[in-house]
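Asks: One-letter residues, chain by chain:
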Amino acid sequence: MPATPDQLPNTLTLLILKTLARGPNHGFGIAVHIQDASQGLLNVEEGSLYPALHRLERDRLVSAEWKLTAHHRRARYYRLTPAGRKRLSQAEQHWTSLAKGVGKLLRFA
Amino acid sequence: MKRWWRRLRSRSVEEPGVQDEIAFHLEQRAQLNRQAGLSEDQALASARRQFGNVTRISEDVRRMHVNTFFESLLQDLRYAARGLARSPIFALTAIFAAALGIGSTTAVFSVVDRILFRSLPYANEDRLVSVGMLAPLDTNEFFFAENYFDLRRHQTPFESVTSFTALTTGQAGCDLSEVNPIRLACAQVEASFLPTLGITPLLGRNFTVEEDRRNAARVALMSYGLWQSRFARDPATVGRVFSVDGAPVTIVGILPADFELPTMAVPDLVFPEALNEATEHAGRALRVFARLKPGVSIVQARAALQPLFEHALETAPPRFRKEISFRIRSLRDRQVQDARVAAWVLLASVVAVLLIACANIANLLLARSINRRKEIAVRAALGAGRARLIRQTLTESVLLSACGGALGCALAWALLRVFIALAPNGIPHLEQASIDTRVLFFVLAVSLLSALIFGLAPAFQRSGSESLIGARSTSSHRMLLREALVALEIAVSLVLLTGAGMLLRSLVKLQSSSLGLNTDHVVTAEFVLGRQRYSQPVRQFQFYEELERRMRDIPGISTLAISDSVPPFGATRSLPFASLRVEGQPPFTEGTGGMVTWRYVTPGYFQALGIPILAGRAFSENDRGPGDERIVLGESLARKLFPGGDAVGKRFQYLTSNMVLGVACDVKDAGPAEPPPLEFYVVRKYSEQGIFEHPGGPDGWRSGRVILRTPLDPRVISGWITREFAALDPQLPVNISTLEQRFSKLAQRPRFNAMLLATFAGMGVLLAAIGLYGVMAFLVGQRTPEIGIRMALGATPAAVARWILSRAALWTLAGALAGLAGSLFATSALRTLLFQVPQHDPWTLALAFPALLLIALAAAWIPSRKAARTDPSVALRHE
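Chains S and V, in that order, are what the protein sequence lines are. Quick note on numbering: the first sequence equals residues 2 to 110 in the numbering used here. Quick note on numbering: the second sequence equals residues 130 to 1008 in the numbering used here.
The hints are simulated quantities; they were obtained by calculation from the structure and are not laboratory data. Note that the structure is predicted; figures quoted are calculated from it, not measured. Yeah, the Cβ is synthetic: ideal placement off N, Cα and C, and Gly gets one too. Hints may be right or wrong, so weigh each one.
As the list claims (entries may be wrong) - Label pairs and their in silico Cβ distance ranges:
#, chain 1, residue 1, chain 2, residue 2, range
1, S, G41, V, A152, 23 to 33 Å
2, S, N44, V, L511, 32 to 42 Å
3, V, L511, S, Q94, 32 to 42 Å
4, S, G102, V, A152, 16 to 26 Å
5, V, A174, S, H72, 21 to 31 Å
6, S, Q94, V, L581, 41 to 51 Å
7, V, I519, S, R59, 20 to 30 Å
8, S, G102, V, L578, 47 to 57 Å
9, V, L581, S, N44, 25 to 35 Å
10, V, G146, S, R23, 25 to 35 Å
11, S, G41, V, G146, 49 to 59 Å
12, V, A152, S, R23, 22 to 32 Å
As the list claims (entries may be wrong) - Sample of chain S residues lacking proximity to chain V, with all beta carbon distances greater than 12 Å (derived):
#, residue
13, A22
14, R23
15, L42
16, H95
Stated by the list, open to error - Partial list, derived from the structure: chain S residues whose beta carbon lies under 7 Å from chain V:
#, residue
17, A53
18, R56
19, A76
20, R77
Between the sequences and the hints, there should be enough to build the whole structure, so can you do that?
Replies: Right, here's the structure in full:
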């Protein structure tokens, strides 16, 4: 499906889903991973992660539960649901085709 | 559902929440910062900086999670409640209007439902019909036994037919002569009666065909009521033997609690009818009921029975045939006959009140929505979606309706109690009426719907920016709608008002019209001598003689009479007019000439009841000796028998030669609204032979009434009467009442109708006045700046008030004229309920019309005063 520019996928959602695809993690862990993986190129405002996470949870793309960390601290862990996994693959395709299209356009101009 | 609940709960019992999640995040980040070598303070501050606005974010997250629908619903409700509390007059008026409409509609429909729509206590009642001949003798159809046997043999359209013995009330008295004798209501039915109606006894069995024969051992079925009240529902009652009218009777079964005869009478004991085809020729008059075969309509049944009817007609005396017709109708039609008009009138008037109430609510909501345009425009400008705004408006409407509904339920309950307390006995099944939940929900739905429609209409029309500017251009057509609604309310109120007025006027006429007797200070005692104990005429005669002697000895009696019946509705002896023959004149040949009733009285009868003697004289003690039959004629009968004039001294033939002693004023036996009966009086003689010279009524000569005129308190007298009766025959039940009580029952039904309709008219007018007030107050409020300008330009306060009033008058007049037309049309439905009041009574209209105008203008007066007091400078600054 070719992506239309006004359907720009929610980048943050994509990043979160992709991060969680590696395994369950808490909000802080997700923030750290996004920064590390993008080698500092992507710097999200950390707070904005949480509304996004909870929206995903409401839409049942992720599930959440309170667990203890390795250091015995209570943290809320998020985990991809099957629906979330499906959405991730859609969003990835979507993103790639969009990025490809935009990239071609930029090079052409 | 579970999830919703968990979500709702998770808001209140906050397990680790967003706050903790964020705290964890900040802590972790701070720790990393510390590891990077920042100081404690710096580490924390940097973590916060990187995170962003903690409050806003946690609020965002929270909003994500709550069940937004419920949350905003609660919010809307709170908001609506606050809004209503801010304008309590609006809220109270709307709730009051809704409550009146819902309450009265529910209560009345609960009553009417019992009369018109209730299910009868019979299986497949829609196939049950009443069938018979209709003759001037009776308002209900009947068959003579002979014709009934024919029908039973040729019952082609019917699955089964059955009968019970027709008496005026469908049941005769009988006495349970136990230790405490009581008078019971008894009926005689055929063995096929219960199976035909689809009734099975609660206990025991129906009587058999063998038991339904003459000379069979006497058996009976007992009503649930008697079983419960006197035998404490003892199952052993079945099989017991009781003495009824002095003869032993075995109880074979108990009838179900909801048992009733098709005439709606509930007998205490039901006996076999014991019809005997061999001996019963013209025989008894029977009430005949039948069950149609499935798929057979009443019309088809009627056609099928036509030959049978033709044959039945041949057995009637030829000159009566013209007056006899054949009738077959559904059981329900037979039951609701005269309650029907009243029930429909009630229902219609209640719908009218509901209409007014709905119009009122609509009006109030419209006014409110216009008043709130700016507020809503501001909300829209601040980003509230249209759907959200509509829901907000709706929430308010629904809240109003719900409050009105709750209050309405309470009102319905109270009204129903009032109706039951006031209702005459004749209204069938009223005591069983209860708030019908179907009705309640229906009415709630109607009011809710009206609230929704009118709550929504403004929400849809509005476009935010236009309202914010405060454009007034659109308000004029909405104003027109509101004024038209008020005009409608006024029109409907006028219809109610004229209807109530006419019923009230006819009630006044009923109560002031002369009955032909004086009911004050008269006590009557009713009794029926036991069949067994008084089987001999001599015993009966002795009883009456002794009774008369004893009653005469009671102190404080000014006049005493003994009769076999007392008005109202008393006369049990009747004969066709055609069987009377004036001596020296040809017999009357045109049909029956109607029925003539007569009473068997002692000389004191006319004086005791205060019946004026118009010509000749009343009976005296001398007339009780042997000799000619002496007769006193009622006025109407005298006129009919002797059209030439003076009846006194003339003779007519009936059984023997009777001499007319005098003419008495007509007694309106069936109440003032009915034509007086053709009636005559026969004197009770001193000889025992005299008793049996005339054929007896249903109770033979055993049924008697003592009539006492006394200046004393009836309660004192009744004690004495009871004592004298007990001394004579301790087992004889006696029923004592005052004549006034008996006659007041006659006016009960018209009083009930008039009172109900008057209540509705009152409610209607009140609601219409509130509506008009609301419209005018709103108009004044909206036009305050305009009024200010007018006054600044020199209009006087009086002119402003006139302007407002004239506007109100215009719409009131329009509504009233429409109402006038409506009344002329609607009151024709009242025709049968009216007494001496013409169908289009000019007096009532002449009163109701200005009365309504006056009330309407009074309602408009208050806002017009307010307008007149407008201070131009304040009004203009307001703008």
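Asks: Would the non-interface assignment of S:R23 survive a Cβ cutoff of 12 Å against chain V?
Replies: Answer for S:R23: holds, closest chain V Cβ roughly 18 Å.
Asks: Quick one: work out the minimum CB distance from S:L42 to chain V and report holds if it exceeds 12 Å, violated otherwise.
Replies: holds (16 Å)
Asks: Hint check: is the beta carbon of S:A53 less than 7 Å from a beta carbon of chain V?
Replies: violated (9 Å)
Asks: Does the Cβ distance between S:G102 and V:L578 fall inside 47 to 57 Å?
Replies: For V:L578 against S:G102, whose Cβ atoms are near 54 Å apart, the range 47 to 57 Å holds.
Asks: Can you let me know if the beta-carbon spacing of V:A174 and S:H72 is within 21 to 31 Å?
Replies: holds (23 Å)
Asks: Does S:A76 meet its interface restraint, that is, does its C-beta lie within less than 7 Å of any C-beta in chain V?
Replies: Nearest chain V Cβ about 5 Å off; hint holds.
Asks: Cβ-Cβ distance between V:L511 and S:Q94: within 32 to 42 Å?
Replies: For V:L511 and S:Q94 the Cβ distance comes to about 40 Å; the hint holds.
Asks: Between V:I519 and S:R59, does the C-beta distance stay in 20 to 30 Å?
Replies: holds (25 Å)
Asks: Is it true that the C-beta distance of S:G41 to V:G146 lies inside 49 to 59 Å, as the hint says?
Replies: violated (31 Å)
Asks: Say whether it holds or is violated: S:H95 keeps its Cβ farther than 12 Å from all Cβ of chain V.
Replies: holds (23 Å)
Asks: Measuring from beta carbon to beta carbon, are V:G146 and S:R23 in 25 to 35 Å?
Replies: At roughly 26 Å between Cβ atoms, S:R23 and V:G146 fall inside 25 to 35 Å, so the hint holds.
Asks: Range first: 16 to 26 Å. Now tell me if the beta carbons of S:G102 and V:A152 are that far apart.
Replies: Given range 16 to 26 Å: violated, Cβ gap about 43 Å.
Checked against the numbered hints listed earlier, the structure breaks hints 4, 9, 11, 17; every other hint is satisfied.
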